[in-house]
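Student: Place chain C on chain S using the hints.
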Amino acid sequence: MNHQVHVDDEAALAAAVRRAFSGYRTDARQFEPTPERRSAAPRRRLLALAAGVPVTVTVIAVFIMHSLAAPPAAFAGWTAVPSAPDPALAVVVEHECRDALPDAAQMSDERYLEMFDEEQRRRVEAMAVPATLPLVAQDRRGEVTLAFFTDGHTYANCTMLGGDRGYAAVVTGWLNGQLDRPLRVVGGIRAEGSDDVAPMTSVIGQVQPHVARVVIDRSEGEPVAATVTDGYFLAWCPATADIVRITAYDEAGEIVETN
Amino acid sequence: METVAGFGRAVVTEHEVLPAVDGWRVDFHDFYLSTRDDVYRTVLVATRHPQRAEDAVHEAYTRALADWERVANHPNPQAWVARVALNQATSWWRFWSREVAEPPTPVATTDETPLDEAIVRLVWALPKRQRQVVALRILLDQSVEETGRLLGIAPGTVKAHLNRALKHLRRGMTEAGMDERE
Chain S
1 MNHQVHVDDE AALAAAVRRA FSGYRTDARQ FEPTPERRSA APRRRLLALA
51 AGVPVTVTVI AVFIMHSLAA PPAAFAGWTA VPSAPDPALA VVVEHECRDA
101 LPDAAQMSDE RYLEMFDEEQ RRRVEAMAVP ATLPLVAQDR RGEVTLAFFT
151 DGHTYANCTM LGGDRGYAAV VTGWLNGQLD RPLRVVGGIR AEGSDDVAPM
201 TSVIGQVQPH VARVVIDRSE GEPVAATVTD GYFLAWCPAT ADIVRITAYD
251 EAGEIVETN
Chain C
260 METVAGFGRA VVTEHEVLPA VDGWRVDFHD FYLSTRDDVY RTVLVATRHP
310 QRAEDAVHEA YTRALADWER VANHPNPQAW VARVALNQAT SWWRFWSREV
360 AEPPTPVATT DETPLDEAIV RLVWALPKRQ RQVVALRILL DQSVEETGRL
410 LGIAPGTVKA HLNRALKHLR RGMTEAGMDE RE
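Quick mapping for you: the protein sequence lines, in order, are chains S and C.
Each residue of the first sequence is one higher than the one before, starting from 1 at the first, in my numbering.
Each residue of the second sequence is one higher than the one before, starting from 260 at the first, in my numbering.
Simulated from the structure, these hints should not be mistaken for lab results.
Since the structure is predicted, the reported quantities are computational estimates derived from the model, not experimental observations.
Any given hint could turn out to be false.
Have a look at the derived ranges for each label pair, beta carbon to beta carbon [claimed, not checked]:
# : chain 1 : residue 1 : chain 2 : residue 2 : range
1 : S       : V81       : C       : H333      : 47 to 55 Å
2 : S       : H95       : C       : A367      : 32 to 40 Å
3 : C       : N346      : S       : L179      : 31 to 39 Å
Note that beta-carbon positions come from the ideal geometry of N, C-alpha and C, so glycine has one too.
One chain only, chain C, in its complex shape:
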């Protein structure tokens, strides 16, 4: 582990614990480690752009660290970071790059790989708004109301998009012979 000299600057890695020089840094570290992958998956699915998602998530956590005392007291810090990351990912200057048509290869696989790959492809192919709702409701486990706030749409609209997305997933999985009932 390495702590870089200078105000508030730290290297955070998976297996290390930052020294409690400032208590809030440790809190941030725990927060980062426990939430970063969910936020990344959310932004990845919402943007379909792995590099943009990586950069946006990093920038969002950087901002969270810069204002950690306030963010830590936010009623939903994970939603705060997700919102910043999504805004960052869709900021104007990043739109010169294109979405990626095919989902990237995951860094880890499960014993359900064929099923997982099919689900990832189905989610990846959803229309933008449906992907955003699936990302926030399912991957980030946000409430309908919070999802609506994050996307600037009504709760009813969130439900409608989620229903539509799940219907699409059901149809796709049934067609692929992955429906357990069959």
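Bound conformation, chain S alone:
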């Protein structure tokens, strides 16, 4: 019996991993070539984020801290103005985010009942499957990209680190009916960060067609220009300061809404 492995020997290490899992086996099952649909399929559940719901923000922040093992330096490339679109990166982001979207729905029954009242649960049940939502916009600043998916009713946003570092967090929720003003904040996250991940804030919202530019003012630091596309705006920034104001401008540069 040997309770040690030469860890620098990759083959020995791989063999040790295979042996370690050799005790895990699956039961023999009965097969039917034409599987029947389950009669009592589990309910669809989404981790919804209504703007200003602290408990949800907490959940997302934990998710971010858990998901990443990269140093905070990832935010070093952040810019107040979004980077130009990179079609190759956009494809990767969309793929990774679609892969990650179902993760947003992980939630225990207790948590689900605790977080949502009856009306909210009814709306959650009616939401679209996030991974099927069309990608509407991406906001890239340095290594981090915020992707926004929506069908006009259900939305999902995904915050992702570039390269091979994987996604950071996924948030899903619903849009509240017709937009009756120039700008409305839909949601976002505020992650407090950890030893591994720098604190960050993101904000997402809807704008009417005549809104050409959205600027986010913070308690400190330069104003942040949001990405504005197809009736939505989105931006993220290191959470070194609070967001104090969001302003929408039209093509002529006139202020049409201050939030």
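Tutor: Below, chain C without anything else, positioned relative to chain S:
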């Protein structure tokens, strides 16, 4: 052994051989018996959810049986089943249930139990993508290219995740005094 009446329906158990009523059924049986545990371990590690892994693997083999003539001619049937099982395990409607924080108890143990338990815990604690790569590259013995195809990532990314995972395992095993060099 029991063969249930009805098209294509059969009970498959460890110690039995299905009658060669249809040749492809026997092939499937052999395939199932020789690959099912590796596929299960792969999905288990990738999902950290024993029940979901069980269900997904069962469903994947069910689909393989339903389309066995095609799957049997696939260049890599095991990868085909693994891909279906992983997709199944991560399908939307299954995500209401949570991952399991601690690895389950294995149904069989080896004479290296303390070492094995430590390795299982270290692998279990890896980030998702690293676990997926370890599962496919090491437990299912898939190539870098096939692993990349299964996960939808570049081969270089597969290598990077595997290197990172092995580095983590080395560090953990060294800290636990399980490095043979010491």
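Student: Next, verify each hint and record whether it holds.
Tutor: Structure-based check of all given hints:
no.	hint	verdict
1	S:V81 / C:H333: 47 to 55 Å	49 Å, holds
2	S:H95 / C:A367: 32 to 40 Å	38 Å, holds
3	C:N346 / S:L179: 31 to 39 Å	36 Å, holds
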